[in-house]
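Trainee: Can you build the whole structure from these sequences, using the hints too?
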Amino acid sequence: MSAPSGRPKKIMTTPFAKKLAKQHKVDINLLVGMGPFGRIMPADVEAAAEIKPENSRASCAEFRPENS
Numbered sequence: 001m002s003a004p005s006g007r008p009k010k011i012m013t014t015p016f017a018k019k020l021a022k023q024h025k026v027d028i029n030l031l032v033g034m035g036p037f038g039r040i041m042p043a044d045v046e047a048a049a050e051i052k053p054e055n056s057r058a059s060c061a062e063f064r065p066e067n068s
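Numbering (full-length UniProt numbering), first residue to last: 1 to 68.
Among the clues, some could well be false.
Derived pair list, reagent style SDA-like, types lysine to any residue, alpha-carbon separation capped at 20 Å [claimed, not checked]:
(1) Lys9 to Gln23
(2) Lys52 to Val32
(3) Lys18 to Met34
(4) Lys22 to Met12
(5) Lys18 to Glu46
(6) Lys22 to Ala47
(7) Lys18 to Leu30
(8) Lys25 to Glu50
(9) Lys25 to Pro36
(10) Lys10 to Val32
(11) Lys19 to Met41
(12) Lys18 to Met41
(13) Lys19 to Ala43
(14) Lys25 to Ile51
(15) Lys9 to Gly38
(16) Lys9 to Gly35
(17) Lys22 to Met34
(18) Lys19 to Pro42
(19) Lys22 to Pro42
(20) Lys10 to Leu30
(21) Lys18 to Pro42
(22) Lys52 to Lys10
(23) Lys9 to His24
(24) Lys9 to Leu31
(25) Lys22 to Glu46
(26) Lys52 to Phe37
(27) Lys9 to Asn29
(28) Lys9 to Gly33
(29) Lys25 to Pro42
Keep in mind that the hints were calculated from the coordinates and are not lab data. No experiment lies behind these values; they were computed from the predicted model shown.
Mentor: Below, the structure written as structure tokens:
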């Protein structure tokens, strides 16, 4: 037997995407996930919130102090 069509579908999301959605006040119920099996990924939330995704390489750039 299949589930009734009026029953809400379980939303699959990563924990970090859920956290981002809460921080940026994005309703995850309105998002369409682009991850595996329609999972909502952090990039989906960032796109909905119209924020620029953080680049981990840029934020972790090497710090080389000048020699005096």
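Trainee: Indicate, hint by hint, whether the structure satisfies it.
Mentor: Results of checking the hints against the structure:
For the given pair, Lys9 sits about 23 Å from Gln23 by alpha-carbon distance, which is inconsistent with the 20 Å threshold. Pair hint Lys52 plus Val32 holds up; C-alpha atoms about 18 Å apart against a cutoff of 20 Å. Simply put, Lys18 and Met34 have alpha-carbon atoms about 14 Å apart, close enough for the 20 Å limit, and the pair holds. Our distance criterion of 20 Å between C-alpha atoms is met by Lys22 and Met12, whose separation comes to about 15 Å.
Taken as a hint, the Lys18 and Glu46 pair is honoured in the structure, with Cα atoms around 11 Å apart against an allowance of 20 Å. Pair hint Lys22 plus Ala47 holds up; C-alpha atoms about 14 Å apart against a cutoff of 20 Å. Distance hint between Lys18 and Leu30 is fulfilled; the C-alpha atoms sit about 13 Å from each other, no more than 20 Å. For a cut-off of 20 Å, the pair hint linking Lys25 to Glu50 stands: about 12 Å separates their Cα positions.
With a C-alpha separation of about 24 Å, the suggested pairing of Lys25 with Pro36 is violated against the 20 Å cut-off. Restraint check: the Cα-Cα separation between Lys10 and Val32 comes to about 12 Å, which is no more than 20 Å; the hinted pair holds. Restraint check: the Cα-Cα separation between Lys19 and Met41 comes to about 11 Å, which is no more than 20 Å; the hinted pair holds. With a C-alpha separation of about 9 Å, the suggested pairing of Lys18 with Met41 holds against the 20 Å cut-off.
A threshold of 20 Å between alpha carbons decides the hint, and for Lys19 with Ala43 the separation of about 12 Å falls inside it, so the pair holds. With a C-alpha separation of about 12 Å, the suggested pairing of Lys25 with Ile51 holds against the 20 Å cut-off. For the hint pairing Lys9 with Gly38, the CA-to-CA distance comes to about 11 Å; that is within 20 Å, so the pair holds. A hinted pair counts as satisfied when its Cα atoms are at most 20 Å apart, and Lys9 with Gly35 qualifies at roughly 16 Å.
Using a Cα cut-off of 20 Å, the hinted pair Lys22 and Met34 holds, with the two alpha carbons roughly 19 Å apart. A hinted pair counts as satisfied when its Cα atoms are at most 20 Å apart, and Lys19 with Pro42 qualifies at roughly 9 Å. Between Lys22 and Pro42 the CA atoms are separated by roughly 12 Å; this keeps the pair inside 20 Å, and the hint holds. About 13 Å separates the Cα atoms of Lys10 and Leu30, which keeps this hinted pair within 20 Å; it holds.
Distance hint between Lys18 and Pro42 is fulfilled; the C-alpha atoms sit about 8 Å from each other, no more than 20 Å. For the hint linking Lys52 to Lys10, the alpha-carbon distance of about 28 Å lies beyond 20 Å, and the restraint is violated. Taking the CA atoms of Lys9 and His24, the gap is near 23 Å; set against the 20 Å cutoff, the hint is violated. Under the criterion of a C-alpha separation no larger than 20 Å, the hint pairing Lys9 with Leu31 is consistent with the structure, at around 13 Å.
Of the pairs offered as hints, the one joining Lys22 and Glu46 holds, with about 12 Å between alpha carbons and a cut-off of 20 Å not exceeded. Of the supplied pair hints, the one linking Lys52 and Phe37 is violated, its CA atoms being roughly 24 Å apart against a limit of 20 Å. Between Lys9 and Asn29, the direct Cα distance comes to roughly 10 Å. Compliance with the 20 Å bound is thereby established for this hinted pair. The suggested pairing of Lys9 with Gly33 holds, with an alpha-carbon distance near 13 Å, which does not exceed 20 Å.
About 13 Å separates the Cα atoms of Lys25 and Pro42, which keeps this hinted pair within 20 Å; it holds.
Hints 1, 9, 22, 23 and 26, counting from the list given before, are not met by this structure.
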